[in-house]
Each structure stands twice: as structure tokens, then as C-alpha cells.
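Undergrad: Residue-level listing of the chains:
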Amino acid sequence: AQTVTQSQPEMSVQEAETVTLSCTYDTSESDYYLFWYKQPPSRQMILVIRQEAYKQQNATENRFSVNFQKAAKSFSLKISDSQLGDAAMYFCAYRSPASGGSNYKLTFGKGTLLTVNP
Amino acid sequence: NAGVMQNPRHLVRRRGQEARLRCSPMKGHSHVYWYRQLPEEGLKFMVYLQKENIIDESGMPKERFSAEFPKEGPSILRIQQVVRGDSAAYFCASSPLGGPGVILYGYTFGSGTRLTVV
Numbered sequence: 001a002q003t004v005t006q007s008q009p010e011m012s013v014q015e016a017e018t019v020t021l022s023c024t025y026d027t028s029e030s031d032y033y034l035f036w037y038k039q040p041p042s043r044q045m046i047l048v049i050r051q052e053a054y055k056q057q058n059a060t061e062n063r064f065s066v067n068f069q070k071a072a073k074s075f076s077l078k079i080s081d082s083q084l085g086d087a088a089m090y091f092c093a094y095r096s097p098a099s100g101g102s103n104y105k106l107t108f109g110k111g112t113l114l115t116v117n118p
Numbered sequence: 001n002a003g004v005m006q007n008p009r010h011l012v013r014r015r016g017q018e019a020r021l022r023c024s025p026m027k028g029h030s031h032v033y034w035y036r037q038l039p040e041e042g043l044k045f046m047v048y049l050q051k052e053n054i055i056d057e058s059g060m061p062k063e064r065f066s067a068e069f070p071k072e073g074p075s076i077l078r079i080q081q082v083v084r085g086d087s088a089a090y091f092c093a094s095s096p097l098g099g100p101g102v103i104l105y106g107y108t109f110g111s112g113t114r115l116t117v118v
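Taken in sequence, the protein lines are chains A and B.
Under my numbering, read the first sequence as residues 1 to 118, first letter to last.
Under my numbering, read the second sequence as residues 1 to 118, first letter to last.
One thing to keep in mind: the hints can contain errors.
Said to hold, decoys possible - Computed list of lysine-lysine pairs in DSS-like fashion (alpha-carbon distance at most 25 Å, straight line): (1) B:LYS27 - A:LYS110; (2) B:LYS51 - A:LYS105; (3) A:LYS73 - A:LYS110; (4) B:LYS51 - B:LYS62; (5) A:LYS55 - A:LYS73; (6) A:LYS105 - B:LYS27; (7) A:LYS70 - B:LYS44; (8) A:LYS105 - A:LYS55; (9) B:LYS71 - B:LYS27; (10) A:LYS78 - A:LYS110; (11) A:LYS110 - A:LYS70; (12) B:LYS27 - B:LYS51; (13) A:LYS70 - A:LYS55; (14) A:LYS70 - A:LYS105; (15) A:LYS105 - A:LYS73; (16) A:LYS55 - A:LYS78; (17) A:LYS110 - B:LYS44; (18) B:LYS71 - A:LYS105; (19) B:LYS62 - A:LYS110; (20) B:LYS51 - B:LYS71; (21) B:LYS44 - A:LYS73; (22) B:LYS44 - B:LYS62; (23) B:LYS44 - A:LYS105.
Claimed, not checked - Anything over 10 Å on all C-beta distances counts as not near chain A; from chain B, calculated: (24) SER24; (25) ASP86; (26) ALA93.
Unchecked claim - Rough simulated footprint, nothing fancy, chain A against chain B, three-plus residues with beta-carbon under 8 Å: (27) 42 to 51; (28) 111 to 117.
By construction, these hints were calculated from the structure, which means they are not laboratory data.
Note that beta-carbon positions come from the ideal geometry of N, C-alpha and C, so glycine has one too.
With the sequences and hints as input, model every part of the structure.
TA: This is how it looks when you write it as C-alpha cells:
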């Protein structure tokens, strides 16, 4: 079974600076999908960024980018120019490939609570 | 498009009562997924439903929990004889397609129902 580990329960960053959130995962599959979700106090789960394992290029969405290291099974999220609105719980998640069974399930880590200091 | 609507947002039940959580998927979405988030944990898959069908309930506790997605109306997650350990946030997500379509279109999550058992 796949597992997702987020080793940083809490992180803090100064406004306008850069922060990196860590995520590692364990899988025997060669193709899969990885995600970062943001959960603000409203509880809404918001997709921040996704990465397909077959793509070597790291995904980027505006101020958010990932460092995907497939061999190391590492998938970190970098937030540049941090803003107060980035404060939230961030979850890393794994999904099996389309050709496999249970490809609709997401496996989540326990989350990292990000605080942004003004 | 109103998104995935969950109600109630907060629900308080005494031990032994029944809890009914409702989820209306996005318009045009016929696949619904329920996840549970225990305190200080990530979301964990419970059940996947299509209209009038339970596709995968492998994450549901065997007793007291049931789910349905009728032809008309919202999906319902029912918890009978609630206990303190059922206190959690329950999230619903929907997608327009299952299987490979989930990979393509992803999920949309609702804002969850926070169940508190007193």
C-alpha cells in the first residue's frame, strides 16, 4: 500500500520570502500522480499543483512549484514570495495510475501547517 | 456552478444518535467520494459511489456506517449510534467521470461537515 509522509507538522515563513514543504512517499508503482492541496481555515480543499510521475519536468503554477525527485520518492512544494493568504494546512497526496485499480483514491499525508508572518 | 455542497457545515450529536451528512455534487458530476479527516490527520478514503451504486466501500467501517447516492437527490453518509471516535470532518468530492476520467478531470471537494459527538 502507498504511504505519504510529511515530516514537518508546522512551518513558518516571513511574508515575501520563500518556503519549502517536504513530502516523501512509498510506492512500488512506476507511474502515478502527486498533488499538493491547501486547506485554509474555511476547510475547503483546494488543489494547488499536480505532477505526473512520467514527466521529468517539475510542475509550476505561478508562485508554487515542486521539486519532484522520483528516485528518492520526494515531492516538495516551494512557495515563493509568500503572502498572508498562503497561511493554511498543506497536504501532499498520491494517486495510483489510470490503468491500475483504485485509481480514484487519494492517499494523503498528515499535513503541514504553514504560518505566514507579516 | 455552485461547486460541491455539503450540509450541514457543523453537526453535533449525542452518543447513540444518528448522524446524516449530505453531499450535492457539482452539476454534471455523477461520481461521489467520501473522505474522513480525524483530528491531526490527513483525509482518508471511505467510499466511492455512482448514482444508485456503491463502487468501493473498502474504507468504510464495517458497522454503523452506510452511504448512498440515489438517482435523485444528494449523496448521504449515515452514521448510526455515533460514538466519540466518530468526531471528525467528513469531506465529499465529486468528478464528472470515474476511472481515467478522474485522472483527467480530478476531483472537486466540498468544504466538509464537522461532526462533533458529545
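Undergrad: Hints first: check each against the structure and report whether it holds.
TA: Results of checking the hints against the structure:
The straight-line distance between the Cα atoms of B:LYS27 and A:LYS110 is roughly 30 Å, outside the 25 Å bound, and the hint therefore fails. Between the alpha carbons of B:LYS51 and A:LYS105 the distance comes to roughly 18 Å, so the proposed pair stays at or under 25 Å and holds. Between A:LYS73 and A:LYS110, the direct Cα distance comes to roughly 17 Å. Compliance with the 25 Å bound is thereby established for this hinted pair. For the proposed pair B:LYS51 and B:LYS62, the alpha carbon gap of about 21 Å is at most 25 Å, so the pair holds.
A hinted pair counts as satisfied when its Cα atoms are at most 25 Å apart, and A:LYS55 with A:LYS73 qualifies at roughly 14 Å. For the given pair, A:LYS105 sits about 21 Å from B:LYS27 by alpha-carbon distance, which is consistent with the 25 Å threshold. Taking the CA atoms of A:LYS70 and B:LYS44, the gap is near 24 Å; set against the 25 Å cutoff, the hint holds. Annotation: proposed proximity of A:LYS105 to A:LYS55 holds, straight-line Cα distance about 21 Å (limit 25 Å).
A C-alpha spacing of about 14 Å is found between B:LYS71 and B:LYS27, which places the hinted pair at or below 25 Å, so the restraint holds. Distance hint between A:LYS78 and A:LYS110 is fulfilled; the C-alpha atoms sit about 18 Å from each other, no more than 25 Å. At roughly 21 Å between alpha-carbon atoms, A:LYS110 and A:LYS70 fall within 25 Å of each other, so this suggested pair holds. A C-alpha spacing of about 13 Å is found between B:LYS27 and B:LYS51, which places the hinted pair at or below 25 Å, so the restraint holds.
A C-alpha spacing of about 10 Å is found between A:LYS70 and A:LYS55, which places the hinted pair at or below 25 Å, so the restraint holds. Distance hint between A:LYS70 and A:LYS105 is fulfilled; the C-alpha atoms sit about 20 Å from each other, no more than 25 Å. The hinted pair formed by A:LYS105 and A:LYS73 meets the criterion: a straight-line CA distance of about 19 Å does not exceed 25 Å. Restraint check for A:LYS55 and A:LYS78: the C-alpha separation of about 18 Å stays at or below 25 Å, so the hint holds.
Restraint check for A:LYS110 and B:LYS44: the C-alpha separation of about 10 Å stays at or below 25 Å, so the hint holds. Using a Cα cut-off of 25 Å, the hinted pair B:LYS71 and A:LYS105 holds, with the two alpha carbons roughly 23 Å apart. Between B:LYS62 and A:LYS110 the alpha-carbon distance is near 24 Å, which keeps this suggested pair within the 25 Å criterion. For the hint pairing B:LYS51 with B:LYS71, the CA-to-CA distance comes to about 5 Å; that is within 25 Å, so the pair holds.
A hinted pair counts as satisfied when its Cα atoms are at most 25 Å apart, and B:LYS44 with A:LYS73 qualifies at roughly 21 Å. Restraint check: the Cα-Cα separation between B:LYS44 and B:LYS62 comes to about 15 Å, which is no more than 25 Å; the hinted pair holds. The hinted pair formed by B:LYS44 and A:LYS105 meets the criterion: a straight-line CA distance of about 9 Å does not exceed 25 Å. The non-interface label for B:SER24 is consistent with chain A: the shortest C-beta to C-beta separation is roughly 15 Å, beyond 10 Å.
Against chain A, the non-interface label of B:ASP86 holds: every CB pair exceeds 10 Å, the least being about 17 Å. With 10 Å as the threshold on Cβ separation, the claim that B:ALA93 sits away from chain A is violated: the shortest Cβ distance comes to roughly 8 Å. With 5 residues having a beta carbon nearer than 8 Å to a beta carbon of chain A, the region 42 to 51 of chain B meets the requirement of three or more and the stated coverage holds. Note: the region 111 to 117 of chain B has 3 residues with beta-carbon separation from chain A under 8 Å; the three-residue rule is met and the coverage holds.
Going down the numbered hints, you'll see the structure goes against 1 and 26, while the others check out.
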